[in-house]
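Trainee: What follows is the residue order along each chain.
Protein chains: 2
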Amino acid sequence: MSKKNLIVGQSGGPTAVINSSLYGVVSEGLAHPDLIDHVYGMVNGIEGFLNGTILDFQEALPGEKLKGLTHTPGAYLGSCRYKLPESLEDPVYPLLFRKFEELNIGWFFYIGGNDSMDTVSKLSRYAAMTGSEIRVIGEPKTIDNDLVHTDHTPGFGSAARYVASTVREIILDACVYEKKSVTIVEIMGRHAGWLTASAALARKYPGDNPMFIYLPEVAFDQEAFLANIQAAFEKNCNVIVCVSEGIHDDKGTFICEYDNSVGTDSFGHKMLAGCGKYLENLVRSRLGVKARSVELNVSQRCSASMLSATDQQEAIAAGKFGVKAALDGVTGKMVSFVRETAADGSYHMTCGLEDVNAICNEEKPVPQEWIINNGSDVSEEFIAYALPLIQGTVEVPCGEDGLPAFVYRK
Amino acid sequence: MSKKNLIVGQSGGPTAVINSSLYGVVSEGLAHPDLIDHVYGMVNGIEGFLNGTILDFQEALPGEKLKGLTHTPGAYLGSCRYKLPESLEDPVYPLLFRKFEELNIGWFFYIGGNDSMDTVSKLSRYAAMTGSEIRVIGEPKTIDNDLVHTDHTPGFGSAARYVASTVREIILDACVYEKKSVTIVEIMGRHAGWLTASAALARKYPGDNPMFIYLPEVAFDQEAFLANIQAAFEKNCNVIVCVSEGIHDDKGTFICEYDNSVGTDSFGHKMLAGCGKYLENLVRSRLGVKARSVELNVSQRCSASMLSATDQQEAIAAGKFGVKAALDGVTGKMVSFVRETAADGSYHMTCGLEDVNAICNEEKPVPQEWIINNGSDVSEEFIAYALPLIQGTVEVPCGEDGLPAFVYRK
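Residue numbers (my numbering), protein chains in the order written: chain C, 1 to 410; chain S, 1 to 410.
Just so you know, the hints here were simulated from the structure itself, not pulled from any lab data.
From a predicted model like this one, the values you see are computed outputs, not experimental measurements.
Each residue gets a CB set at the ideal place from its N, CA and C atoms; glycine is no exception.
It is possible that some hints are incorrect.
So the derived label-pair ranges between C-beta atoms look like this [claimed, not checked]:
#, chain 1, residue 1, chain 2, residue 2, range
1, C, 128, S, 179, 29 to 35 Å
2, C, 125, S, 236, 36 to 42 Å
3, S, 103, C, 384, 45 to 51 Å
4, C, 58, S, 230, 25 to 31 Å
5, C, 380, S, 64, 31 to 37 Å
6, S, 236, C, 384, 43 to 49 Å
7, C, 219, S, 231, 28 to 34 Å
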């Protein structure tokens, strides 16, 4: 059997461990020189590949340098948001496969969320249709943790650890003054509230801040929210509330849309503020107390400061597992995580393979039964689910400039 | 000589190392049992002290627990923003000193910024006026680095390291797509731009992102800003700009005030957005490119994730130095930092003492000669000044919950 080449790409938003998944794929690929000749990377995903931008990992990150990927957030290869056409008759498909053939590609890996799994689905179906022997495998990635048919996704654990630890620090900050105050923390998640729910991990004891957590899975009632805060002042003069950016009311209107009344800037463009800023103003106006909002923003997905060692190791394992499966002939699958809880309650994770067609374009919400107190909190079941995923600290090496030393594409 | 008690308080906004200063004062106080009986803490500063809320450190944080302060951000003792009356004839002064006498206080320490040094100034002047033997010492603290007569302030180094490292991560995040984009990062600092300037430390080579840095020390010109970005696209399709929250134009109008036109929320209250959000909208409207803004917000001052070991150790040293000085009879002084650069260029810091009356209510801006490129960048002199202050990583211990384990007041 003649040797072939492997190619891997990254797609969608960055995470803290998308490059750990990449490390898993590349290092496993390089470990089979009898089967795999070159390990290539697509620069800027399938879109960049179409434009001919690829790199060879043995040149780009030779030897020990490759390992730098495991503590580098972002997307080393760059990313894209490019949806392949629905019709497999579209001329882009033969074009792509001709390019694969020119590069002698035998294995294609795509690291991403459900949109990226759509790419994996289409390429694997086109390969099957045309009798191509290219193996196409999806590697999961998303801080949103909303992929179906997997216990969780790489990227979620580190983002959850960042959220929990940052919220814990924000609580410390908010509680220094003995004056009534409300702090609204806005966390990423338009449709799924997994990451916002992780703020519950910041609590040190039941009843601790954050006193309320609101997810997009249930309708948000502004009056009930205000009443909750008013009641909470009986227990704590500093109230911290965590909200998902995607919270909406029972009519489906996003809470952030309520600041439409705020109108337009001096150029006639609508000023867009998040729901945190809106709720901050609501609290200040209606309750007459000091209010502040904090949008955690992109650091949730791009910070290496709170890397979860569990998340990092699982991302690497998923990358390696996918390569081994592809070498065994598997195609059209996404690597999944299967949780095994031992008799002593300890957490173990194994990798599995799921049909990518059943995953792409689907979303997994937080289960309704895990959302309690009229939609203002999450249950102990959520804590038990999420806690193992944020364990372990990763030591990120520092450079001479005293800052984390990441690896960069030339 | 009969033994006396020491009391220490914290005031103003939190920092990552205000509790390290506290550790320095308390540990040094406890190291002199021949002179000092109890080491007390004021809960919520001088305001809390007036209300009778104090604690005894040997009960609150016995033995090794005290050391937990050195990696706990926030303000362990709680804080206040309470300005003592200008007139030393005000009845609050005899009231305070009667309370000091009842507690047999011999040494009074206050950790804070220039407002807090005002408290130190007034108490020390009242003590001198009335012949009280209480020694009153100020311990510097502010992320703003704007105290005069000291090379820098505890709290700045860790905040600068947080800003530089977070901006480096935001750059990674912003550069994953090959599409023109502008990211505005808004950094704390209403009057002094030291912290915003620290974003320059994120660069890996000259010309790297952040491509522009705007401080409140010079007037901000919106048209020049837009022209700079337009020109920068020639070099880099992803442009990151760092701005101080307090930037203003040549008429003295804060840039964030320009969104006044945005008007009021549905309750008739003005919606307040930062200058970052305003500039994001300006860029999107005028240049027609993808724009995003990130407000670093309170994490700049309350995160332990990027503690600078240099900053932490200096804060502890300043605390200890102040106690030794007070035991030597010094009063009415603030502990200052004096930089010594060795022949080999290496950085050394020693503690000094400065008249607190010359420090309170003054502000130290970034020198004009360190601000270059028509107010859009900082010079190499700033880098040389700031770089030693962000060196060294502090390992923050984690609890069983996988999150940083801080110490808390009961």
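Trainee: Could one say that the CB atoms of residue 380 of chain C and residue 64 of chain S fall in the range 31 to 37 Å?
Mentor: 32 Å, holds
Trainee: Assuming the hint says 43 to 49 Å, is it satisfied by the Cβ distance from residue 236 of chain S to residue 384 of chain C or not?
Mentor: 46 Å, holds
Trainee: Go ahead and decide if the range 36 to 42 Å is satisfied by the Cβ distance of residue 125 of chain C to residue 236 of chain S.
Mentor: 38 Å, holds
Trainee: Taking 25 to 31 Å as the hint, is the beta-carbon distance of residue 58 of chain C and residue 230 of chain S inside that range?
Mentor: 40 Å, violated
Trainee: Honestly, do residue 219 of chain C and residue 231 of chain S meet the 28 to 34 Å range at C-beta?
Mentor: 48 Å, violated
Trainee: CB of residue 128 of chain C to CB of residue 179 of chain S, is that within 29 to 35 Å?
Mentor: 33 Å, holds
Trainee: Can you let me know if the beta-carbon spacing of residue 103 of chain S and residue 384 of chain C is within 45 to 51 Å?
Mentor: For residue 384 of chain C against residue 103 of chain S, whose Cβ atoms are near 48 Å apart, the range 45 to 51 Å holds.
Hints 4, 7 from the list above are not met by this structure, while the remaining hints are.
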